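Below, each chain spelled out in residue letters.
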Amino acid sequence: MTLEQAIAGTGAEELDWEAVYADQAPRVYNYFRFRLGREADVEDLTARTFERAWRSRAQYRRDLAGFSTWLFKIAQNVRIDYLKSQRGQHLPLDAADDLAADGSPETDAERESDLARLKRLTRDLPDRERELIALKYGAAINNRLIAQLTGLSESNVGTILHRVVQTLRSRW
Amino acid sequence: MNDDFLHRIRTEPPPDFLARLKARLDLQPPPAPAAPVGSTLKKVLLGLLLSGCVFAVTLMLLNRTQTQAPAPVTVSSKQTPEIGNQPPKPAVVPRTTESKPPKVNRIADARPTALARPAYSYMTIKSLEPYLQQLMSRGEGGRAIVASESSTATLTRFCGPEKIDDPTPLYALVTRRMTSSELKTCTRNWVKVKEMLIGHQAIVLARSKLYGSFNLTPAEVFLALAAEVPDPTQPGKLIPNPNKMWSDVSSSLEREPIEFYGPEISSPAAVAFREIVLEPGCRALTTAAKCPELRKDGVYTEAQPISTDMLLKLQLKPNAIGILAYGSLFRDSNDLTATPIQGVVPTMETIIDGSYAGARPLYSYFNEDAGGPPAWHMFSSYLSSMLSERFAIIPSERSQP
Numbered sequence: 000m001t002l003e004q005a006i007a008g009t010g011a012e013e014l015d016w017e018a019v020y021a022d023q024a025p026r027v028y029n030y031f032r033f034r035l036g037r038e039a040d041v042e043d044l045t046a047r048t049f050e051r052a053w054r055s056r057a058q059y060r061r062d063l064a065g066f067s068t069w070l071f072k073i074a075q076n077v078r079i080d081y082l083k084s085q086r087g088q089h090l091p092l093d094a095a096d097d098l099a100a101d102g103s104p105e106t107d108a109e110r111e112s113d114l115a116r117l118k119r120l121t122r123d124l125p126d127r128e129r130e131l132i133a134l135k136y137g138a139a140i141n142n143r144l145i146a147q148l149t150g151l152s153e154s155n156v157g158t159i160l161h162r163v164v165q166t167l168r169s170r171w
Numbered sequence: 000m001n002d003d004f005l006h007r008i009r010t011e012p013p014p015d016f017l018a019r020l021k022a023r024l025d026l027q028p029p030p031a032p033a034a035p036v037g038s039t040l041k042k043v044l045l046g047l048l049l050s051g052c053v054f055a056v057t058l059m060l061l062n063r064t065q066t067q068a069p070a071p072v073t074v075s076s077k078q079t080p081e082i083g084n085q086p087p088k089p090a091v092v093p094r095t096t097e098s099k100p101p102k103v104n105r106i107a108d109a110r111p112t113a114l115a116r117p118a119y120s121y122m123t124i125k126s127l128e129p130y131l132q133q134l135m136s137r138g139e140g141g142r143a144i145v146a147s148e149s150s151t152a153t154l155t156r157f158c159g160p161e162k163i164d165d166p167t168p169l170y171a172l173v174t175r176r177m178t179s180s181e182l183k184t185c186t187r188n189w190v191k192v193k194e195m196l197i198g199h200q201a202i203v204l205a206r207s208k209l210y211g212s213f214n215l216t217p218a219e220v221f222l223a224l225a226a227e228v229p230d231p232t233q234p235g236k237l238i239p240n241p242n243k244m245w246s247d248v249s250s251s252l253e254r255e256p257i258e259f260y261g262p263e264i265s266s267p268a269a270v271a272f273r274e275i276v277l278e279p280g281c282r283a284l285t286t287a288a289k290c291p292e293l294r295k296d297g298v299y300t301e302a303q304p305i306s307t308d309m310l311l312k313l314q315l316k317p318n319a320i321g322i323l324a325y326g327s328l329f330r331d332s333n334d335l336t337a338t339p340i341q342g343v344v345p346t347m348e349t350i351i352d353g354s355y356a357g358a359r360p361l362y363s364y365f366n367e368d369a370g371g372p373p374a375w376h377m378f379s380s381y382l383s384s385m386l387s388e389r390f391a392i393i394p395s396e397r398s399q400p
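Chains as they are written, first to last, in numbering that gives the first Met the number 0: chain A, 0 to 171; chain B, 0 to 400.
Hint data in this document are derived by calculation from the structure and do not stem from the laboratory. Keep in mind that this is a model prediction, so the values were computed, not measured. Do not take every clue at face value.
[As the list claims (entries may be wrong)] Covered, in the sense of this in silico footprint (three residues per stretch, anywhere, with C-beta under 8 Å from a C-beta of chain A), are these stretches of chain B: (1) 203-216; (2) 247-261; (3) 266-276; (4) 316-325.
A virtual CB, placed ideally from N, CA and C, is assigned to each residue, including glycine.
Here chain A stands alone, though its shape is the one from the complex:
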């Protein structure tokens, strides 16, 4: 069952939470993979997001925003909290990845995973563009929802994504 089917009822109380979980968990999981660019901590952040959402899921008001919007707002905040808690404690793992890359770019490219490659190529992009990539390809959500989450217009989302994907593909 898809999320759309799950919320096809008339009110939040009729949501099939099993179906919601099955649909949304991979999205949230991949959102964090794309944002962090690694596997470490992804499970932890996914779990935190769902625990917070589950505690208050009765508060979900379908008339205000889609369930996905609500869930990904929590995910965005979980990530921000995580970054704040990491700040100043130790070098981020990104830095360790950079230090490990001691070969030529070609060898590195062969060796690294697609995820690590994405991370390397998006490192210098503005945060907003990395967020769009993570929401579009990690969370696999549509441009309308992304627009709600980022405060951009839907057409703006499409334009930025098109430009960023072109750039990434040329460097892939």
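Got chain A sorted already, so can you dock chain B onto it with the hints?
Showing chain B alone in chain A's frame:
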């Protein structure tokens, strides 16, 4: 657009992780079902009905109490103040601009009327001072003196004897009720007192229901929000506030960043927040003559408290705490939940009975003999205009138990 290389990066989460997480989620208690609109309407109507009944009963009880109490200072020339063994109470005047002007009892020493001399007001509520100053400037008295002092000092002046070089104030705004001994002093000095409970000024700390609330004390709020806090190594010395997380403030609090959205720092509601919550926290921890201001390092962000701006911010940052007038929370309680202060959740009952530390009553006293009905009505009318969320005041009608 060829974006397969990005789609390929997606992967399925490990099944054992999904199963473990689901098992943990299933252990959480089932959520309370969201109330449908019809049900909410029924609850509101039922609430209004119950409130009306409670209000009516309270009024009856109040009337009975006033009838049984020793005769208060009167507004009628036929009545005489009596001070017996029981402490006298000032006359309680309903807050309305449409009531009949009270009769004035001109006393024998023929004091000058209020409008023949400067309108002269004393008050303890700094947040309201500029607005009362504005009123007085527009009044028929022409000149105005508005001063802020403590409630005790204000009432001492208000009830004090008339002096040529230091006229008795006509109005007093205080955050507690006049005591019987103060009223006796008033009576002794021929000050005819009229009392009005304006309402309650109440501030709430609210968070998005997504994250829920946690219990705070004024001292913890002070340690989270003051620009300077006591140095743990040198008590008595203030240092720039180093607290970034709630767990820095107290080990019993969550490890979550401290973030506040509140009214503009110079606004009446923000001043009220400082007076009602922050200063008691400051006094509990320091002996500094002047309490520090709000910190300006980004922990406190100014937002419009009664617009959707605040709600939106709190939804987008559900760990943040919003500083609001009680009325705002009441209106938007579907999205926000109030943080208890010292274990007490703000409700009309806890605000009125004084157990909620984020609120205080506002009493107004008026020297009827010196002012006369026109001045009284002007003052009442102005006070009515202040009963808004901007000043975080709940009108007395709504604050009746």
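Against the structure, the hints:
{"no.": "1", "hint": "203-216", "verdict": "holds (count 4)"}
{"no.": "2", "hint": "247-261", "verdict": "holds (count 3)"}
{"no.": "3", "hint": "266-276", "verdict": "violated (count 0)"}
{"no.": "4", "hint": "316-325", "verdict": "holds (count 3)"}
The structure is inconsistent with hint 3 alone, although it conforms to all the rest.
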